[in-house]
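Top line first, the protein sequences correspond to chains A and B.
Take the first sequence: its letter number 192 is residue 182 in the working numbering, and every next letter is one higher.
If you want the working numbering, it's the 1-based position in the second sequence plus 36.
Simulated from the structure, these hints should not be mistaken for laboratory data.
Backbone N, C-alpha and C fix where the C-beta goes; we use that ideal spot for every residue, glycine too.
One or more of the hints may lead you astray.
What the hints assert, rightly or not - Using 30 Å as the maximum straight-line C-alpha spacing, the simulated DSS-like pairs for lysine-lysine come out as follows:
#1 A:Lys233 / B:Lys358
#2 A:Lys218 / B:Lys117
#3 B:Lys279 / A:Lys352
#4 A:Lys251 / A:Lys233
#5 B:Lys321 / B:Lys117
Unchecked claim - According to the in silico footprint, chain B covers these stretches of chain A (three or more CB under 8 Å from chain B):
#6 50 to 61
#7 185 to 192
#8 291 to 302
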Amino acid sequence: MITTQRSISGSSQSPRSPSSQPYLSVSVTDPVKLGNGVQAYISYRVITKTNLPEYQGPEKIVIRRYSDFVWLHDHLFEKYKGIFIPPLPEKSAVEKFRFSSEFIEMRCQALDTFVNRIASHHELQQSEDLRTFLQADEETMERLMSQETGIFKRKPADLMQIFKDVQSRVSDVVLGKEKPVEESNPEYEKLKHYIFELENHLAEAQKHAYRLVKRHRELGQSLSDFGKAVKLLGACEGNSLGKVFSDLGTKSETLSDKLQKEAHQLLMNFEEPLKDYVRSVQSIKATIAERANAFRRQCELAETIKLKEINLNRLILIRSDKVGEAEFEYNQLKAESEEATRMFEKIMRLMNEEIVRFQEQKTLDMGIAFHEFAKGQARLANGIATAWRSLLPKLEACSSS
Amino acid sequence: MIATQRSVSGSSQSPRSPSSQPYLSVSVTDPVKLGNGVQAYISYRVITKTNLPEYQGPEKIVIRRYSDFVWLHDRLFEKYKGIFIPPLPEKSAVEKFRFSAEFIEMRRQALDIFVNRIALHHELQQSEDLRTFLQADEETMERLRSQETGIFKKKPTDFMQIFKDVQSKVSDVVLGKEKPVEESNPEYEKLKHYIFELENHLAEAQKHAYRLVKRHRELGQSLSDFGKAVKLLGACEGNSLGKAFSELGTKSETLSVKLQKEAHQLLMNFEEPLKDYVRAVQSIKATIAERANAFRRQCELAETTKLKEINLNKLTLMRSDKVGEAEIEYQELKVESEEATRMFEMIVRLMNEEIVRFQEQKTLDMGIAFHEFAKGQARLANGIANAWRSLIPKLEACSSS
């Protein structure tokens, strides 16, 4: 779906062509089921082709599992606040046991999309964690995973909760306030409102798209059962009527096949992109939370500094011997406050760029998905119409005999 | 479905045309729900147009209910053994309470077909019970219905059971046998086997046709829900992507309506004819039972007569004074035996004609039904293909903007 984004330069180039254009091309392939029962998991081959100097050689192949991708995601989320980190497919603890080939294929595709989006993002592609993910041997990866500190082991939502808890304690003590501070930015308010509304509508649409796929399958199955029953009838009847029954039955079974195949296509080309859209919106919500945290931190530090300044001036006036200590603390806080302001402003700036990027990409992706959907439906319906029409001359011959 | 068969002469003639061709044209129309709750029932208008002398005038309209049709069916079944009495739609005590418009329409159509088949059958159309049914006023009909003797109140299968019980008692006493006597006629065996196998396969096919109709409806409903959800998404998005969503949503809703309509058509033009076929086969099974009864009666009376003859000869030799009485009994039995033989042979003859008539009619009816089915499916699929294709240029315009 985003094959045009597979390299930095925007055009896919073979690693063999003597080109000085920098490229980074990644693919996630060959899912293999390993382990048994509860401990079963899928491993994927991650193939990196690049001429960038930071990478080891033109091609590198490593084996990764789902939790490695989660590691990469969480690290990027922590380090690149303000950027919409590409979303991961759901963990889905239940389906994992079943490991249907469809589930495996969809997950592999979603993980491939995930890594490629990172590799195509002008900021994220420079991440050291990405390089580690793409190149470190399996033992190193495993060691890094187990070394995870408490904060990285958390999901972004949990992370925000910890932050919130810490902050509210600070707030309560320093400011004596209870209500959280929020930006009053009308443009931003509109955006937040749009994102939250979008998430609801997308979830609804995705739910109904899933049901649509299911109904296609059920109709296909029904057509197959019907075809079999009618063929048995044909075998029982004999003569021209029997032949008519048989033709009808055979045609029904053929069309059942078509319907089942189309249901699968619907799933891959339409329902999955919708799900991807939902995940992207959730990623944006996480970034919105990060921005809110940064804003609160900036505000609280600004407040705290004011108080510290007042206190410092008081101490100077009374010529206290605590002035030195207070001044030291004041300067420290001032540095933190400036850092917090910088961080918040950086997040704001990045988000503005990200919104534009997101809207463009999404319009393109969904446009393609709809196109595929309508084309697929038209193709299916055409095939069905042709099949039934081909049966009419035979039926006419039978009923007139 | 059998519009061409609406008059005796085979062509539909207006009652006004000064024609000497005999015709009998019946239609069952205008179902009206009467009564309340448990006692609710449907009344139908039965319109008879005829120039036959046995009938009162060119046109007669009476009001009839389902149990009146049952009365007619049971009386014809009793009087015209050997003939496949046209089947009635099921009593369906449950659905009656719901009285959906679809159920009422299907029942009306089935009753119309029922009466017309009787009116077209060269033997049955002369029945006095048919004339009563078509002309008697409602009070007379009600009186006749409630006057039903015990034996008529029973369904054909119950009837057969009574006969069987009576017969086995006679058999046990007279013949000292337990095993029922059956014809040894290879042609007839083949026919019976064919009928029983056909019933099974038809029931299966009809069950799956019903499910097929249901799945069409479900897919249609799903498409409608999907369309609504996508339209809400479109309203939320705005700009070109929003427009694409809206187009997709609207198109889905349009197609949903098409699918629901086609599901209804499928029901009327295909599933109902299959059900009719099932009922016709059950009617044949009832006739097969009647033939078996007649055969057994013939055999038993033949045996009994032989024994009586032997006994009579014995009494004659002994010059007993019981000879006169025995002679009378013997003569009576001989008459009954000849009557039973005549009845059985009549049934055999009629059945042979009926099989041919049935095969021809069925081939025609099912051929038409399949034709309608394939045409309807092709038409629907074509409509769907066109609808989706008409959307593609609009989607292309959206994704390229």
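Going through the hints against the structure:
1. With a CA separation close to 67 Å, the supplied pair Lys233 (chain A) and Lys358 (chain B) exceeds the 30 Å bound.
2. This hinted pair does not check out: Lys218 (chain A) and Lys117 (chain B) have alpha carbons roughly 36 Å apart, beyond 30 Å.
3. With a C-alpha separation of about 14 Å, the suggested pair Lys279 (chain B) and Lys352 (chain A) falls inside the 30 Å cut-off, and the hint holds.
4. Between the alpha carbons of Lys251 (chain A) and Lys233 (chain A) the distance comes to roughly 27 Å, so the proposed pair stays at or under 30 Å and holds.
5. Restraint check for Lys321 (chain B) and Lys117 (chain B): the C-alpha separation of about 12 Å stays at or below 30 Å, so the hint holds.
6. Beta-carbon proximity to chain B at under 8 Å applies to 0 residues in the stretch 50 to 61 of chain A; the threshold of 3 is not reached and the given coverage is violated.
7. Only residues whose beta carbon comes within less than 8 Å of a beta carbon in chain B count, and the stretch 185 to 192 of chain A has 4; three or more means the coverage holds.
8. Three residues within the 8 Å Cβ limit are the bar, and the stretch 291 to 302 of chain A against chain B gives 0, so the coverage statement is violated.
In the structure shown, a violation is registered for the earlier hints numbered 1, 2, 6, 8, in ascending order.
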